[in-house]
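Using the hints, position chains B, C, D and E with the ligands against chain A.
Sequence lines, in order, name chains A, B, C, D and E. If you read the first sequence in this note's numbering, its first letter stands for residue 1, the second for the next number, and so on. If you read the second sequence in this note's numbering, its first letter stands for residue 1, the second for the next number, and so on. If you read the third sequence in this note's numbering, its first letter stands for residue 1, the second for the next number, and so on. If you read the fourth sequence in this note's numbering, its first letter stands for residue 1, the second for the next number, and so on. If you read the fifth sequence in this note's numbering, its first letter stands for residue 1, the second for the next number, and so on.
No wet-lab data here; the hints were simulated from the structure. Please note that a few of the clues may not be correct.
Unchecked claim - Some chain A residues judged to face chain D by a derived CB distance under 7 Å, without partners named: (1) L44; (2) Q142; (3) S169; (4) S174; (5) G178.
To be verified - Computed list of lysine-lysine pairs in DSS-like fashion (alpha-carbon distance at most 25 Å, straight line): (6) D:K131 - C:K310; (7) A:K122 - D:K86; (8) D:K13 - A:K129; (9) A:K22 - A:K72; (10) A:K175 - D:K213; (11) A:K22 - C:K310; (12) D:K86 - D:K131; (13) A:K122 - D:K13; (14) D:K155 - D:K131; (15) D:K177 - D:K121; (16) D:K131 - A:K22; (17) D:K121 - D:K155.
Every residue gets a Cβ at the ideal spot worked out from N, C-alpha and C, and that includes glycine.
Below are the chains, spelled out letter by letter.
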Amino acid sequence: MRRVQSNNPILEVKGLWAGYGKLVVVRDLSLSLERGTTTLILGLNGAGKTTTLKTIAGILPAIKGSVTFEGKDVTHTPSFQRARMGLVMITDNPVFPDMTVSDNIKLAARTGDSRVVQEAVKYFPELSKFLSFRAASLSGGQRKMLAMAMAMVSKPKVLLLDEPSTGLSPLMVSKVVGYVKLLKSLGITILLAEQNPSFISVADYVMVMEMGRAKIFGRAEEVGKLEDVRKTFFQVT
Amino acid sequence: MNAGPLVGYALVVGLLEGLYFAFMALGLNLVFGVVRMVNIAHGDLIVMGGYLAFVLFSAFKLNSLGSMVAAFLLFFVVGIALYYVLVPRLQGSSDPEMFSFIAFFGISMFIEAIATLIFGEYPLSLPFSALLGGSVEFMGHGIPKAFIVMAGVSAAVLVLTYYYLEMTGLGRATRAMMQNPEQSAALGVNSKLVALFAFSYGIALAGAAGAFTPYVFGNIYAAAGTQITAIAFTIVIIGALGNPLSTVIGGLIFGVFYQVLEVFVPSLAYAIVFIALLAIIVAKPGGLLGGEQREV
Amino acid sequence: MRSELRSPVGFGKREAKELAILAAVLAVIFLAGPLAYRNQFFFLSMMIYMMLAFGINMIYGFTGYLPFGYTVFYGLGAYGVYIGLVLGLHPALAFIFSIAISMAVAAVLLPLFRLRSHYFAIATLAALLAVNYLVASSELARWTGGGKGASLVTIYDPNLTYYVTFVLLLVFLAVTSLVKYSRYGLALRAIRGSALTASMDGVNVPLIRGLAWLISALMAAVAGAMYGWYVSFFYPDIFSVATDVYVITYAIFGGAGTLTGPILGSIILSSVYQFIGIYYTEYLNIVFGILLVLLILFMPRGLVDLLNRKAHLRLP
Amino acid sequence: MLEAESLVKSFGKLIAVDHFSMNIERGEVKALIGPNGAGKTTFVNLVTGALTPDEGRIRLDSRCIVRLPSYKRARLGIARTYQIPKPYPNLTVLENVMVSSIYAAGLEGEDAMSAAVEALKYVGIYNMADKLASELNAEQQKLLDFARALAARPKYLLIDEIGAGLSVDELEGLASKIRAVAKQGVGVLYIGHIMKMVKSVADWVIVMNEGRKVTEGTYDDIANNEEVIKIYLGEKGAVE
Amino acid sequence: ISTKKPSVKYITIGVVYDSSGEFASSSMPEYEGLELWASWVNSHGGIYVKQYGRNLTVKVIALNAASNPSTAESDYETLVNTYHVDVLVADFGSVMTAPAVSFTNASHVLLWDVTGSSFKFFTNNNYIILTSLPVSPYFVLYVPGFLHMLGIHNVAVVYDDNDFNAYQAYFLAPGLSSYGIKVVYNTSVATSTSQYTSLVAAIESLHPQAVLELGYPTNDEAFLSQVEASHACFPLVLTNFPGQLLPIFVSSEPTAVNGTFTLAYPPIVEYTPQVASKLGLQWFGPTLPQFESMWVNFTHTSPNFLAIAGFNAGLIIQLAIQDAGTLNQAALKQAVLSDVSGKVMTIDGIFNVTSNGMQVGENPIPAQVFVWPNGTTTVNLLYPSEYANATAIYPEPCP
Ligand SMILES: Nc1ncnc2c1ncn2[C@@H]1O[C@H](COP(=O)(O)OP(=O)(O)OP(=O)(O)O)[C@@H](O)[C@H]1O
Ligand SMILES: Nc1ncnc2c1ncn2[C@@H]1O[C@H](COP(=O)(O)OP(=O)(O)OP(=O)(O)O)[C@@H](O)[C@H]1O
Ligand SMILES: CC(C)C[C@H](N)C(=O)O
Ligand SMILES: [Mg+2]
Ligand SMILES: [Mg+2]
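So that you can see chain A by itself, here it is in the shape it has in the complex:
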């Protein structure tokens, strides 16, 4: 395993162990994110991607290890405070079903100002029809779209994104890839968990997880070429 050292990481995870009660899912994971870069965590089901992101976000407590955000140790900081500091996570089930779509957006933006809704609609015109609908009535894919809008308006410094493309049409997947690019261009540091290799194209770094450990870490171009990785994630039928 190769680590990329960075002089001024915005987020640094050291020796992280995480899981659910007695069940340990993530083992001894270390990772550091350079400001402005996008890091992709690739891993099969149950590899521990979600668990890793949730622990970094503070939704799950760390069993061992530390998380440092902008130089501050946040290992024991509650998740809402991390979010307010700019460490935001969008989970794979991010909507508030009984709230309207526009309230979902406002909540993510932490403002009551409807201008954020207009701003979001600019990037996600498909949502404009549904602004006053309850999020519960959206289709599976529409919810994912809303999630991306919420990610955008939450204006994070570091965004933890869990599987934004599941259940999306190919066209939408490529759009989401575009959205991630857009977020990146806004200067947001992104840590993205996915199984879809299309995201390698936006990533600067890729970490491959297996059984709760970081198995491979490297620059995206290099990892994308590795035979092992291609076999697992790119295999063509």
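Same frame as chain A, now just chains B, C, D and E with the ligands:
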């Protein structure tokens, strides 16, 4: 009996009382909506609010409006304590709604027994002048001025609560926390604080509403809580659980139905009110203002 | 390695043995008990609570729908017999009539299952209050006795009541066991998990849940009829929210959805109630109230579950 | 043959399914694709009876079933999986599957049990048979859904988005299982956004957009159809 | 229960009461009245029982039913079968008394019913005695004549759907019609009713000459306060409970109750040894002032009717035991019928029961209540003439 003016009178009284009923049920709805706790002790808390108004009036001649504010503050603190004792544990259980029902029943028994020990068994009551004496003439019959004050205050509380839940960031955060605690935390919602506030606010509303019970229910006694809880629950479900605006509809319907029926079939008034409620819920399973849920 | 997989459906030898043991335990308690502690009503009311707890178990334990107003059927059970006698029916027919009335009201309430479970819970409470006020009303007093109450004094026979109740209790136990181990029980529990999925899986949800509801209502009606028969004077306050809450508490304390839960819950809590009630009268409700809160906070899944986990028992 | 004829379903102002028709023969696999919100899941809900159409007809082997409640349709041989899995969380995995082997397939006693076991083994979650369904992760729940549908011994199987979140290997396995199921005479409607999956399972592809049928054809026809590329696949076509 | 070993030193009195719930407010004073009687008797050395040839003290065994009739049933059985009490005293009112009725009759245990005045308890029952309050038909005995005396021709009647009030209304009707008084409004309401706003307006629109509201204390209070609040100026309003629980009404509804009418009992009506001797009756027990000072020492509150009813039950029991000279239940009943009934007056009035045990002696007296600005009260007894001490101010003064 000339029915016309009587019906008009009953309608107006029903609307005035209905606003109060909405206020009375509001806290119950909020506590359910926010933390999914079925507060079967709601009526007992209201009764305690009534006792507080009684004590403050007997000791300091304090007007019930003052008692209402005092009750609100005091019960807010009570709410905080209750929250820490009950809510986190119940929320972690396998069936929070049903288990909270039982836990709050325990609280209800407890409050009623304590109230009996402290205040004795006799019904206590307050003269209308402890709020505002006198009456205004309407359709040839008097409407106590106290009712009008009460309805005004209730409307103000309802508006305030609506504003809190629908227009403020705190309210949005509250609703978000109810629906998806993980994601709301990850977006910066301090779930604990938000829930604590909403729960305590709901309890405080019960106490505050209690300050007016001696007028609407004629008197207060320790055992009155159960009936009040039942009425509050029905009001809440005619509207929709977890939706405070709908509580207003529920309260008004209850108030008007009841008063009009009292003119024509007093002996069946309650029975018909409850049957009508059942009919309403069957016709609109989510409550009159409840939305349809996408299930698949 | 797991022990061999057993089918969750099927009433076999093992289940029959289990049922026989439970029936024997009940026989010892209710046939020998009154000899030791000479308060027949104490045991009768324990049986009645057990019947009600079985009824709650049938609807809440298996389907997840908890009727707060469950005692509507209990009250109707008692009042049905009275109304039957007023109509001039033979006493035996009056009992059948009482059950028929309860069933009819249960059937009328069937549309409430369109509600989500907590709405349902509260809606049944409204039904309880409605029937309570109807029965009390002077408008219907010709049949119900209204506020003047009902009297079954002409057929008063406490010993007969006691033994009939005992036999019916055993029947209810058997019914509960048969349901629990049958495909019908599986379907009920599936409905509890997700009514929608169950109907997509071929379960006739309205029918099966409706049947459970009717059986549950029947159990309450029988319990109420036995109570009314035993005390012989009763008033509309028999439709009481308090009774409801006790029953629900007993059922959940024991363990909803289990076979032994209602039995243990009723025996233990009605004894606790009786003894606290006798010796610490002033503080009965304070103690009972705190007890309930503690129970639910620290033992929410009921006694049977606790015993099975902590004492490694295998109570059904 | 399972036929849907000119189905319409709207939610308020929004027309989710708009005069949509299609049919499936036993033994064939058809895929239904389309952008998010096209109405695919709504269509499944209409066919299985979870929703009632505003207009249109549904026929099973030329019998009109549009008025039948969903449990009867299930017993007639229509099974489904869910985009968001809906197992019975309070039941074990085995019990979950037995509900359909008993009620949908109409099996009894030992037969019901062995049908359930067989389905679990086939899908590959037999080792979890006595776990509670709530203990499974999302993907295992999808497989459980699949097992439930198989244990129903269906004539027609509607699979809504089963592949999302599965690994490439798992997808492969699943694809061959779906084909095998079809070979035994089950008509399969496959819904999903993973084009590789669509390509490998489906004999015929129907494209839906805004509730209407856009076009249909073989995978290759569809993949090269300009309109489909525009509304669904995007410039570069399918993934990679 | 009837065979007592001579070694036993005391008489056990079993009683059921409610410390909480809807009947607590009425049950507690009654129960405390009985306890006061017990300590009074014991301070006098107990009761002489001939069978044992000496005085026996009494011991009260009280079980709580918390206003739940089912619990009461269990309590009654426990008292009889486990404690083997010598005397069984019922809980307050008909609802809480009912569970004991058939059971005691079948067990041949005499039920001392304090205030469960339901008419139907007394048919085919050899083991019940109502010690206070007249049985339902006698409750409203004086009301029609009283209204007639005031020249009233039409009345409105509102009563509650419960045993006590429903029977009152039931027996009131023939009385009214015998005086040619028309009932222009006759309705019942649920006992839990406490909002009378529109109902009062409906009655008002009929302009009756009198309004009779027959409820429980909570109903009466709510009704009176609503009449006052809506300024419905009825010429006469009569409610049940100011006559029994006056201090409560005075402290909570001083202006609402002022000028209204009620049915009066002790302590408002004071029965004295002088009255007793005038009527040729034997006086038994303390006088009202003596009782009041005992009660104040005992509870630090002032007594109401229910307290007197509880005490009175004790007095009647005491007389029966003394007279019977045994604790045999049938003998006690016989003693009451032949030697106590119709011969005795206590602070509660004339004790007079029919052979079924129905109390018909203590008939309540129509009265008018005045609450003066300084908080003192006057209650004028108005009818029949032998009890009257004032004339009615009719119509009521209207503020
Ligand atoms: N709430 C939970 N309780 C217990 N175990 C859990 C829980 N959530 C996940 N797990 C287990 O933790 C392991 C890792 O899960 P995680 O969700 O982190 O994986 P993932 O890499 O995100 O996979 P996927 O692609 O399926 O989302 C899995 O074995 C899963 O079963
Ligand atoms: N119960 C409902 N209430 C309101 N709108 C609904 C409801 N169900 C579906 N819709 C709407 O109908 C449209 C079709 O939804 P559907 O779920 O069928 O899409 P889909 O094709 O399955 O999409 P996806 O691929 O994203 O799952 C969407 O716009 C959705 O918002
Ligand atoms: C004290 C009394 C007014 C009680 C009444 N006799 C009743 O039966 O309820
Ligand atoms: Mg994941
Ligand atoms: Mg879909």
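Structure-based check of each hint:
1. L44: Nearest chain D Cβ about 4 Å off; hint holds.
2. Q142: holds, 5 Å
3. S169: This interface hint holds because 5 Å falls under the 7 Å limit.
4. S174: holds, 5 Å
5. G178: violated, 10 Å
6. D:K131 - C:K310: holds, 20 Å
7. A:K122 - D:K86: With Cα atoms ~35 Å apart, K122 of chain A and K86 of chain D exceed 25 Å; violated.
8. D:K13 - A:K129: holds, 11 Å
9. A:K22 - A:K72: violated, 28 Å
10. A:K175 - D:K213: Answer holds: K175 of chain A to K213 of chain D is near 23 Å, not above 25 Å.
11. A:K22 - C:K310: Holds, because 19 Å separates the two Cα atoms, which is no more than 25 Å.
12. D:K86 - D:K131: holds, 16 Å
13. A:K122 - D:K13: With a Cα-Cα distance of about 23 Å, the restraint between K122 of chain A and K13 of chain D holds, given a limit of 25 Å.
14. D:K155 - D:K131: violated, 29 Å
15. D:K177 - D:K121: holds, 12 Å
16. D:K131 - A:K22: At roughly 17 Å apart (the allowed maximum being 25 Å), K22 of chain A and K131 of chain D satisfy the hint.
17. D:K121 - D:K155: holds, 20 Å
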